[in-house]
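**Student:** For the protein sequence lines, the chains are A and B, in the order given.
Residue numbering for the first sequence follows my numbering, starting at 960 and increasing by one per position.
Residue numbering for the second sequence follows my numbering, starting at 83 and increasing by one per position.
Mixed in with the good hints, there may be bad ones.
Said to hold, decoys possible - List time: in silico SDA-like cross-link candidates among lysine to any residue, alpha-carbon distance up to 20 Å:
{"#": "1", "chain 1": "B", "residue 1": "Lys450", "chain 2": "A", "residue 2": "Ile1111"}
{"#": "2", "chain 1": "A", "residue 1": "Lys1068", "chain 2": "B", "residue 2": "Glu246"}
{"#": "3", "chain 1": "A", "residue 1": "Lys1209", "chain 2": "B", "residue 2": "Glu246"}
{"#": "4", "chain 1": "B", "residue 1": "Lys442", "chain 2": "A", "residue 2": "Pro1072"}
{"#": "5", "chain 1": "A", "residue 1": "Lys1068", "chain 2": "B", "residue 2": "Leu590"}
{"#": "6", "chain 1": "B", "residue 1": "Lys204", "chain 2": "A", "residue 2": "Gly975"}
Note that these hints are calculated values from the structure, not bench results.
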Amino acid sequence: MLDYATLKLAWWVLIGALLIGFAITDGMDMGVGSLLPFIARDDGDRRVVINTVGPHWDGNQVWFITAGGALFAAWPMVYSAAFSGFYMAMLLVLFAMFLRPVGFDYRSKIDDPRWRNAWDWGLFVGGVVPALIFGVAFGNLLQGVPFKLDDILRAHYQGSLLGALLPLLNPFALLSGLISVGMLVTHGAVWLQMRAGDPVASRARWIAAALGPLVALAFAGAGYWMWLHIDGFRIVSGPAHDALPNPLGKQVVRAAHAWFDNYQAMPIAWAVPIVGLAGPVLAALLSLARRPGLAFVASALGLAGIIGSAGVSMFPFVMPSSLDPNSSLTLWDGCSSQLTLTVMLVAVLILLPVVLAYTVWCYVHMWGRVTTQDIAAQSHSAY
Amino acid sequence: MIDPTFVELSRWQFAITAMYHFLFVPLTLGLSWLLVIMETVYVMTGKPIYKDMTRFWGKLFGINFALGVTTGLTMEFQFGTNWSYYSHYVGDVFGAPLAIEGLMAFFLESTFVGLFFLGWDKLTRRQHLAATFFTALGSNLSALWILIANGWMQNPVGSVFAPETMRMEMQSFSAVFFNPVAQVKFVHTVAAGYVTASMFVLGISAWYILNKRDLPFARRSFAVAAGFGLASALSVIVLGDASGYELGDVQKVKLAAIEADWKTEAPPASFTLFGIPSQANKETYLQIKLPWMLGLIATRSLDTPVVGLDDLESKFEGRIQSGIIGYGALSKIRGGDKSPETRALFDAHVHDIGYGLLLKQFVDDPAKATPDQIKQAAEGTIPEVWPLFFAFRLMVGFGFTMLFIFAAGFWLNARKRLEQNRWLLWLAFAAIPLPWLACEFGWFVSEFGRQPWAIGEVLPTFLATSSLTSGDLIFSLVSFVLIYTALLVIELYLMIKYARLGPSALGLGFYHYETGAAPVAAE
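Just chain B, same shape as in the assembly:
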C-alpha cells in the first residue's frame, strides 16, 4: 500500500533537486546570449574591450555553468531512480524529448562550451564566436526539449493509454512537440533566463560604476544588459503563461487556484489583486479585485466564464466514478477478457482511468472504494490554494519591479545621466536576487499547481513513485541537501570573489586592481 510519508519524501527530493538545478539554469540560458552579443561586437568592431567583456562575464558564466551541469545530472536519472512507475507508465512519450534533448542540445552546448573557455588561442575569431553561439543555441534548445517534456506533464496530448502494455503510448509526435502549453512555457522560461542574466550583469556593472572602477568596461556591460533585459522583461510579461490556461482541466484548476476563485463568477471574471484564501471555508478574505481583468487575460473574451474550484471539483467527482468503471474494464482486459463489450466499455472510459487511479491511495481495487473515499479523492484534485495564490503574486511583483529597473536603466543610460542617479545603480545592485526568486516561485506555481497529478489527469503523483523505503529516501534527501549546499557555498564564494575582482581577473595588467589602485588579488 502507498506510504504517505514515503511519497512526501520523494516529492521533497524532486522539488529540492529541481529547484537547486534551476538556480543555475536561467543564468546559463541568458548569459550565453549576452556573451554572443558582446563577442559579436568584438568580432565586428575589433575593439579589445568587448573581448575582455566576453571573457570576464564568461568566467562568471563558467562558475555558474559547472553547477548547472552537476545538478542537471541528477535530473536526467531521477525519473528512473525515484519515479520508477512514472518512468514505466509514461516513458514511451516522456522519454523521447529527454533523449532528443541529449542528442540535439546537450551535445551541442557541452562540446562547444569547452572551446569557449579554452579555445581563445587555438581558434580564429569567427570560429570562437561560432563556439560561443553554439553553446548558447545548445543551452536554449535544451530548454525547448525539457519544456516539451514538462508541457506534456501539464497537458498530455498526442498519446493514449494502452491496456496491453499498461502504459501511455505516443500517438503523434508532432502533437507532443507542438503542445501549446509546452510552446508557451518555453518562451516564458527562456525569456525569464534572459531577464536573470541581464539583471546579473546589470547589477554587478552598477556596482562597478558606483565604485568608479573600470568605468568603460562597466558602462558598456550595463548598456548591453539594460537593452537585452528590457526586451526580455517585456517578453516574459507579455508572453506570460496566459495563453496556456485555457487548455485542459489541470490548467483550469491551476488558474482558479492561483486566483483563489472558489465559485464560478459571471463572465468576465475579475482579477484578485490581493486576498487571504481559506481552503477550509472555500472563501477568500480581504479581497481587492480588478473587474474584468481575469476574464480578459485568461479567456480573451467577455463572455467565457473562468470556472471556479467548486465546479471543477464536482466535475472531477463524476470523472472518478467513470474512472472506476474504466479501471474495472482494464483489469478484465489484462486478465485475458477479449470480448468486444469489455473493450467498448474500456474505450468509453479510458480518459478517466487516471481519475480511477486516484482511489489507489485508499484501496488496491478502485471498485471497492467507499463513497467517502471517492469524496475525499475529489477534494484531493484541488491543490492547496494559498501557496499558489501568494507565490504567483510574488513572481509577478518581482517581474514588474525588474521591468521598471531595466526601463529606468535603459532610459538614464541613453540620456547619459546614469552616474548622477546613484539610487538606480543601488537599486539594480540590490535587485540581483529578484530574478532567481521569481523563477523559483514560477516553477513552484507550475508544479505545485499540477498536484495531485504527476501527469495531468493521467497518473497521480503518489502512484508514480519507486518501490523504495522511507529510509532510502531520508538517506538520499539528506545527502543531496548536504552536498548541494556545500557546492552552492563554494560556488557563491567563487562567484563573489571573481565579481569583486572584475576584469582584473583576466590578468591583462591594466584593469583596476592591476594598476596600483589596490593589491593584486590572488590568482
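Pulled out of the complex, with its shape left as it was, chain A reads as follows:
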C-alpha cells in the first residue's frame, strides 16, 4: 500500500488527468456543437459536421461522467460541497447536456427542416453552455466559493435560485468562461479540419487560426488580472499531509498574490501556463500550415496547460471557501480513506489503459474524412 500522503497527491494528479481527458475528448464534441449552426448552413454540411463526432460523442461523454464518479469516490467532500453549492449552475449544465444524446440520435430521423434545425440549435446549446459554465466554475474556484462546513461537516451556502447563480457570473468568472468556450471551439475546429470534407474543413481552418491567438491572449489577461485583483488562499498551519482528512483542522488566510506562491517556490511550474499559452497559438499556426494532426496535439496540450494552470495555482486547495477560509477543501483533507484511495487507484491503473486502448481502436476504425457524398449514400443509418 502506498503511504497516505502519496496517495492523496496521486489522486490530485488523476482527477486533473480525468478533467483534461474530458476536455480533449468531450470538450472537442462541445466545440464542434458550438460551431455547428455557423460553420455549416445546409443540411448536407451539417450532417457532415455531426457525423465526424457521431460514433464517438457518447464514449467521449463518459470522461465527464467518470470524472464525476471519481470525484465522488476520491474527494467525496468536494463532490458534496461543489455540486450542491453550484446547484443552479449544475442544473444548467445538465439541462444543456440533455440536448446532446437526443440531438445526435433524433435529429436525422425525421426529414423536416424545422425539426432538424431545432436539434442543431439544441446541439449548439449542449456544446456552448456546459463549456461556458465549466469555465465560470473554475473562475469562481479561484476566487473562493461562498460555503462553510458545520461541526458535523455539513456544507452550507449563501443564496438560492438567482441569488445563488448571479454572483457566480462575475467579470473574472465570465472571462474564464470565455477562455473555456474559446479553447474548446478551437479544439473542435482543429478536429473538423481532420475529419470533415470541404467547405467545412476550410472554414474550420480559419476559425482555429483566428481563435487560437485570442484564447492565448485572454488566458494571459486572466493571469494578469489574477495577479492584480484576485486574493489567493494560503495555509498557515494545519495537520500533516498523511493525517486523517479533517477539513476544519487547518488555519487559512487570504492574501494578494498567494495564487503565485507555487510558481515562486518551484519555478519549473511556470512550464504549465507557458504550455497553456503556446498550445492555442501553435494550434492556430499549424492549422494555417495545413497540419491538422499536429494542430490537434498542440490544442490538446494547450487544454492541459490551461486546466493545469488553475490546478497548480490553487495547489493544494481544490475548493477554497470565501465565506470561511478555514472550511476550504484541499487535496489533503477533502479526500477518501486510504483504503478507498488505494482500491480506486488500482482500478484506474488497470482499467484506464484498457479504455484508452479500445478507444484508439474505435477511432482508428472509424477514421476518414466525412463528405456529403458519404452522408447521401448512408442517409438511413448516418446521424
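Once you've looked at the hints, dock chain B against the given chain A.
**Tutor:** Same frame as chain A, now just chain B:
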C-alpha cells in the same frame, strides 16, 4: 433545523428522475443481448434477414438508448447536487462502485455503441459483432456496479463509522462487492431487463404478424423474443428477491411491510395473497392467506419465524436509546476527548449511531429528545405499509402474466400454430407496457421499503439532503418534469413511428412499405 417540505421535495425529485431513468434502462439491458443473438446468427449463417433484424431492432434500441443516456447524466450528479450530506457521509464507500461503473462499464458501452450504429460499413462482420457484444456487456456491467452501490444502501456491509472524519469508511471492498443483497438484486434486475426487451420485441412482432406484414422478419423476431423471454421470466421469478430478505433488519422490515405482517406469526409463516392493510390499527382486513408459503420463501425453513412489524418497532426503540449514548460519545470525541472510556463507550454503541441520528428530525442534540419523540422516531422506522403491499403484488402479478405469454408464445410457435391463435398475438401486443410497470413497481418496493433510511440503519433520509431551499427544489423539480416529459413524448413519437414503419425504415427497398403496398413513409 430540518424542513419536512424540503425533504419531501428532495425525495420526489430523486424518485421522479430515477423512475424516468428506469423507463429506458431495462430495454437497453435486454435488447442489447437480443441484438447480439440476432447478429450472431447473421455472422454464423450469413443470412441477410438477421442483419436486417439486428439493424431494425437496433434503430429502436438507439431511440431508447438516447434517453437512457440523457436521464442517466442526472443520476451521476444528483447525489452531489441534492444529497450533499449523503455524499459526504458515505462517499468513501458508495462513490467507489460509481466511479468503477464509469471506468469499467460506461466507457465500454458508450465507446462501442457508436460503432454499432455507424460502423456497419467500416467494420468486418466479426468486428461489428464484437462492438455489439461490448455494448451489451458494458450496459450489463453498469447494472452490476450500480446495484452494488444500491445493495449497499439496503445492507451496508464492509464499512464502519469513523468519528474522526464523521463518515462511513470502507473496511473491505470485497465485502461491498460480494454483498449478497447486491448480487441478488443484480441478477433480478438484469433478468427483468431481459424480460422487458423480450416483451417489447414479442409484442411488436406480434403486431406485424397480425397485420400480415413482413412475415419472415416478424416470425423470426417473435421466435427469438419468445425463447429469450421465457428463460428470462423464469429467472426473474425463481431468482427473485427472496434470498436477500434474511439479511439485515432493513430487509426484515421491508419483508414484513410487503406482507403487512404486523405481529410475528408462529413459524412457518403464511403468505398473504390479498388483504387491506391499515397502519393505524396495525391490522390487515379481508386477508386471503396461503399457509406456510412465506416461511418457506423467506427463511427456507419450517421453524424460523418471520418477524412482525410490531416486534421490529420495539426492538428499534431500544436501538434508538443506544444510539443516543453513541451519539453523545461521538460528540465528546469530536470535541477532543481522547479518553479510552469515551472511546469504549462509543465503540459499544457505534452500530446504533444511525438510530440516534433519527432524533435529529426533532432536536439538534439527540440526548435532549423527549420520550415522546423517541416513541415517534421508533414508529417512523416502519414505512407506510399499504403502498408496499399493493405495489409488490402488482409487480408479481405482471411477472406471472408475462411468464404465461412467453410460455404460450414459445409453445405455439414451436408447434407452428401461432398465426391461428390470434388471441395470443393480441395479448402479446397489449402486454407491451407490463414489464415497465413491473419494473417501476419493483423499484418502488425496494426504495420506499428502505425508508426512513437513505442508507439502511446508518443515515436517515431527512439528514442526507443538501442545504438548499424549497425554492431551489421547486424550480429544479418542475424543470425536470417538464423537460423529461417533453423528451419522453418525442421519444414515444419516434418509437411508434419507427415501430410502425418496421424494417421498411432501413431503406433496403423490399420490405412492406417499399413494395407498393402503401406509400413509402418519410425518411
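**Student:** State for each hint whether it applies.
**Tutor:** Going through the hints against the structure:
no., hint, in the structure
1, B:Lys450 - A:Ile1111, "holds (17 Å)"
2, A:Lys1068 - B:Glu246, "violated (56 Å)"
3, A:Lys1209 - B:Glu246, "holds (14 Å)"
4, B:Lys442 - A:Pro1072, "violated (57 Å)"
5, A:Lys1068 - B:Leu590, "holds (16 Å)"
6, B:Lys204 - A:Gly975, "violated (34 Å)"
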